[in-house]
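J.: My request is simple: use the sequences and hints to build the entire structure.
Next come the chains, spelled out residue by residue.
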Amino acid sequence: MDFSIVAILAQDGVTSGAIYALLALALVLVFSVTRVIFIPQGEFVAFGALTLAAMQSNKFPQSATLLVGLGLLTFVVEMVANLRTAQKRRSAPRAIALALAKFVLFPLAIFFLTRSIASPALPLAWQVLLTLAIVIPMGPMVYRLAFQPLAEASTLVLLIVAVGVHFALTGLGLLMFGAEGSRTTPFSDARIEIGALAVTGQSIVIVGVSITLIIALYLYFERTLLGKALRATAVNRLGARLVGIGTTQAGRLAFVLAAAMGALCGVLIAPLTTVYYDSGFLIGLKGFVAAIIGGMSSYPAAAIGAILVGLLESYSSYWASAFKEVIVFTLIIPVLLWRSFTTVQVEEQE
Amino acid sequence: MRKFFLLFVVAVALLPILPTPEFWITLANYIGLYAIVALGVVLLTGVGGMISFGQAAFVGLGAYATAYLTTQFGISPWIGLLAGLLITAVAAFALGVITLRLSGHYLPLGTIAWGLSLFFLFGNLEFLGKYDGLNGIPPIKLFGIALDSGREIYFLIWLVVILSIIALQNLLNSRPGRAIRALKGGGMMAEAMGVNTAWMKIVVFVIAALLACVSGWLYAHLQRAVNPTPFGLNAGIEYLFMAVVGGAGYVWGAVLGATLLTLLKDQLQSILPALLGSNGNFEMIVFGIMMVLLLQRASDGLWPYLRQWFPKKPLALAPTAAAALARRARPASGAVVLEVDRVRKEFGGLLAVNDLVFDVCAGEIMGLIGPNGAGKSTMFNLITGVLPLTRGEVRFRDGAGLGRIDGLSARAIAKRGIGRTFQHVRLLAGMSVLENVAIGAHLRGTHGDLAGIFTSILRLNRTEEQRLLFEAKVQLERVGLGALLYEQAGSLALGQQRLLEIARALCCDPTLLLLDEPAAGLRYQEKQALAELLRKLKAEGMSILLVEHDMDFVMNLTDRLVVMEFGTLIAAGLPAEVQQNPAVVEAYLGGID
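Chains L and S are the protein sequences, given in the same order.
First residue of the first sequence? That's 1 in the numbering used here, and the numbers climb one at a time after it.
First residue of the second sequence? That's 1 in the numbering used here, and the numbers climb one at a time after it.
Be careful, since some hints might not be right.
Derived CB-CB ranges, DEER-like [unchecked claim]: (1) E346(S) with I96(L): 22 to 28 Å; (2) L219(L) with L86(S): 54 to 60 Å; (3) P186(L) with W199(S): 52 to 58 Å.
Hints were generated in silico from the structure; no laboratory data involved.
By construction, the Cβ of each residue, glycine as well, lies at the ideal position given by its N, Cα and C atoms.
T.: Okay, structure coming up:
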């Protein structure tokens with residue numbers, strides 16, 4: 001193992017670490033705002049990658065159909081919720097009209113836009129934008145359908161629900177994209193030679209996007225009112241509601257951000273590795289390992305953990321490629337051990 | 001319920017004797033295998049409140065252990081079972097020690113991680129045949145008969161299911177069982193009653209893993225081949241789903257859930273591909289959506305709906321007579337029992353208890369009063385070991401002298417003879433009044449930590465059980481709840497729940513009783529009765545420290561009073577003196593200036 005191999009492995013590790021960092025941030029965000037351990041995070045990665053891949057291979061991305069389906073379901077649930085109580089019925093026409101626009105008309109517009117313009121000939125930037133427009137709205141819809149009715153349930157119930165959503169979305173992924181994997185064309189063919197190391201353009205794009213997003217999120221949470229409201233919800237749900245922060249809106253927003261980061265990760269890794277309908281799960285779990293290193297609460301620790309996971313994975317794939325996953329997932333045991341000695345136990349009230 | 005159980009056993013036994021189609025037997029075999037694992041999940045998740053997605057990995061350990069030993073060394077499958085159980089017990093114990101210390105969600109995340117690790121390990125180890133697995137596993141031999149057809153091994157599988165059900169029901173209806181049932185939502189209370197909750201969690205975790213291991217052993221010898229696929233994370237998730245669908249809080253929920261999900265999966269696997277035009281495990285979609293809907297609409301699973309049809313009988317019955325439990329020696333009347341010496345508690349910048357000094361003597365009722373936020377409950381938590389002290393010492397009578405108890409765990413303090421109640425009632429709403437109170441007598445059981453588990457499973461604990469339940473009944477009669485032994489604790493009025501807590505604390509056989517607002521929520525007559533009870537306890541040599549807001553109650557009952565305001569002691573002495581103390585009057589009514 002000479003220096004050039006070390007350097008290449010380090011580059012690989014940092015690149016995948018950057019992806020895991022984004023996922024870890026999304027997981028920490030969703031958990032702290034809604035207490036949902038968002039297992040289906042990885043499905044958004046797979047949906048993002050496979051939607052883009054479908055466009056590039058001149059197939060209609062079925063995820064657009066799923067978007068319309070989810071939208072219709074959400075609309076029905078919203079309508080029922082609005083008509084159930086007399087108090088809500090008074091404001092129902094307005095609310096229903098809004099829901100119709102958000103959950104039916106918007107997905108349909110995306111659907112037909114995709115139908116008419118999605119093709120390999122479309123510029124890459126437009127393909128990416130279209131992919132994001134298809135996948136991101138699914139985040140808040142999933143929140144509305146699965147999690148919002150259970151907002152007050154315990155973490156453990158929410159976790160089982162999250163696993164249920166993961167099952168359903170993975171199955172739908174298989175239905176939409178088939179069992180074959182896909183890969184997309186890279187964003188950039190540039191290579192920069194630094195000594196013995198050739199840094200690929202793709203890596204630079206990934207690390208760059210990741211750092212930009214982390215800074216943007218930091219500014220959002222530190223400098224904007226909406227971001228601070230999200231943080232307040234994370235600290236104390238009841239308190240936040242008492243000062244007029246809508247915890248439902250906060251939850252929805254967290255899911256928008258999570259879906260966005262997931263889809264973006266999918267778009268970013270699609271050129272690097274072959275993505276299958278169920279690949280997202282493992283990628284998401286590595287984000288989890290990183291998030292757990294950060295104790296599910298600290299953003300910087302989660303980001304550092306992610307780079308660590310990426311490096312560990314890349315070096316272990318060189319030394320013992322068959323045991324790469326074993327090594328990465330076993331890492332969690334010493335981390336948990338360390339966590340168990342540093343966290344204060346708080347009993348969860350029924 | 002007993003009739004139902006016999007009916008179930010007969011039905012299970014008849015199924016393969018009747019000319020049932022071979023396919024039904026195959027399905028029933030899988031239902032049995034899944035039910036064994038799901039029973040473990042019920043104990044772990046539904047009863048113990050811990051979630052594991054990694055049970056399939058323990059099934060894999062059991063299957064691979066026997067597969068490897070029987071195919072490579074030609075060893076008997078029974079040795080393979082023992083080896084599997086041993087490996088699983090060690091692995092589960094080690095994982096449990098590491099992950100169970102963590103609260104709530106770390107455990108399931110940890111189980112996902114090692115579930116995946118073991119799966120990839122099975123698939124990559126040369127000697128386990130990598131992803132192809134191991135073939136040519138011999139059948140199990142029982143009394144010289146080789147169980148090599150589905151119809152034959154059926155009997156063994158369902159025998160294991162039935163024995164597991166009996167074992168779990170025996171365990172849950174026992175001293176350690178009540179402690180296990182307290183883990184979910186009552187951990188702090190259980191610790192204050194002397195239960196080692198960390199140990200109980202590990203016990204539950206290991207038992208669930210061992211059940212999974214046995215299922216894996218049966219699976220390997222039924223299939224006669226193993227490969228990693230059925231031991232992956234998805235299988236682990238499905239086991240959890242089975243328990244949740246059936247009803248994770250009920251032993252029978254596991255059997256119901258395993259049956260429903262196995263049949264549903266079988267149906268879906270033939271319907272969905274025809275409907276969707278391609279092959280794949282699309283039943284995942286249905287399972288996932290079903291799970292979400294179920295948890296939104298009926299989070300207790302389906303078993304409660306079926307259970308309505310059976311007559312209900314209380315789990316634990318109090319005997320009419322039993323040998324009394326041993327009691328600890330009482331200190332001589334007037335001797336100092338508790339000494340609080342310059343105790344200080346700071347929460348960050350907030351000074352909650354400021355160098356407090358007081359003592360309690362044997363056979364005395366001491367009142368601790370003060371306006372809201374004065375630090376009374378914090379003081380209670382400092383004495384009982386729920387919160388650590390910042391500075392100072394707490395000493396408690398230990399034989400002839402006084403020994404320091406600050407720094408000890410709540411459990412150790414309970415063991416020395418301090419019983420307590422809680423300001424916010426902490427009881428297990430779903431358990432009967434009698435069972436709730438019996439938790440208080442946990443430390444007075446005769447079987448050890450490990451032996452207690454085995455004797456309970458084998459039902460060798462009857463004498464201990466009778467004595468504990470009799471004690472619980474006696475204490476309940478003493479506080480006036482003798483007519484409500486078999487009611488659900490959650491259905492009592494708040495005042496009665498407070499009395500239940502006193503009975504539970506009395507079951508600890510304490511020399512010092514700490515009562516946090518015992519009269520709150522009681523009606524006038526009930527308060528009179530409570531005062532009468534406390535006086536009687538005092539006459540028997542009990543020392544009582546009491547926080548209370550009802551001034552009439554306090555003034556008439558207590559021998560001495562300590563008054564706190566903002567964490568500081570502002571007055572102490574006889575009730576009549578304290579009542580006249582200008583500082584106390586000002587603290588309660590405000591200054592005149």
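J.: Hint by hint, note whether the structure agrees.
T.: Right, here's what the structure says about each hint:
no.	hint	verdict
1	E346(S) with I96(L): 22 to 28 Å	55 Å, violated
2	L219(L) with L86(S): 54 to 60 Å	56 Å, holds
3	P186(L) with W199(S): 52 to 58 Å	55 Å, holds
Of the numbered hints given earlier, the model fails hint 1 alone.
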